[in-house]
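> Each protein sequence line maps, in turn, to chains A and B. Numbering-wise, the first sequence is residues 1 to 119 according to the working numbering. Numbering-wise, the second sequence is residues 1001 to 1097 according to the working numbering.
Be a bit skeptical, because a hint or two may be false.
[What the hints assert, rightly or not] Covered by chain B, according to a simulated footprint, are these stretches of chain A (three or more residues, beta-carbon under 8 Å):
#1 9-21
#2 25-31
#3 39-46
#4 50-63
#5 66-77
#6 87-95
For the record, the hints were derived by calculation from the structure and aren't laboratory data. A virtual CB, placed ideally from N, CA and C, is assigned to each residue, including glycine.
One-letter residues, chain by chain:
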Amino acid sequence: MNAWQQTADLAGSILLFLGAAVCLAGVIGMLTLPDVLTRSATATNPQTFGMLLLVAGLALRLRSGVDLGTLALVAFFQLLTSAVAAHLVARAAYRTGQTGDCALLYDELSAPEDTRPSA
Amino acid sequence: MRLANDILLNAALTLIILAGVLLLIRIWRGPSMLDRAVAVDVAAVLIIAGIGVDAAMTRTRYYLSIMLVLAFLGFTSSVGIARFIASRDRAGTKERP
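Please model the complete structure; the sequences and the hints are all you need to start from.
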């Protein structure tokens, strides 16, 4: 095992550790923040950044073509689907009135019916 | 070098397990069903992260397809909850005019 492979292994381990730390930070945010919208916002932290760091670290450690393709697909689908889930959860939270104590800076959904943009 | 890799990977696994425990607390306490939906989404991400760290430890590639399926379908649970259950869930809400 030459020096480049050792360096790539160490960099991959550091990236995996950082990804796990980002996941833990997001979960701590989910425990401490007050309502659904803020919890959903901090839940995207492990869903996007932590996942990208983990996938990059794993790619640096595995280093073969097929695995890199699979990991790229994992990152792509994660980025695609977490946005859909967060959007639907936030919209349901607004509809059922669970948006905290009216701390929204700009409330686009409360416009009158005829000026509201179609959903 | 090998010792540093082992320490980093074991620390990463420990952090992920700790995050899972804290997430179980949120699922337990979560005042509404939507909090639990978001938490279950993050639980899928933590499962992917744990599989990834394990694959990096043992340098195996057999679980990468499971990571792919979880990343592709992990959001369906929260979408289902948001579509069909949340309209009946009134825990901790206030009346909106």
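> Run every hint past the structure and note whether it holds.
Status of each hint after checking the structure:
Note: the segment 9-21 of chain A has 10 residues with beta-carbon separation from chain B under 8 Å; the three-residue rule is met and the coverage holds. Only when three residues or more bring their CB closer than 8 Å to a CB of chain B does the claim for the segment 25-31 of chain A stand; here the count is 5, and the claim holds. Counting residues of the segment 39-46 of chain A whose CB lies closer than 8 Å to any CB of chain B gives 4, so the stated coverage by that chain holds, three being the minimum. Residue count for the segment 50-63 of chain A with a Cβ under 8 Å from a Cβ of chain B: 8. That meets the three needed, and the coverage hint holds.
Residues of the segment 66-77 of chain A lying with their CB closer than 8 Å to a CB of chain B number 8, which satisfies the three-residue condition for coverage. Judged by the Cβ-Cβ criterion of 8 Å, the segment 87-95 of chain A is covered by chain B as claimed, because 6 of its residues qualify and three suffice.
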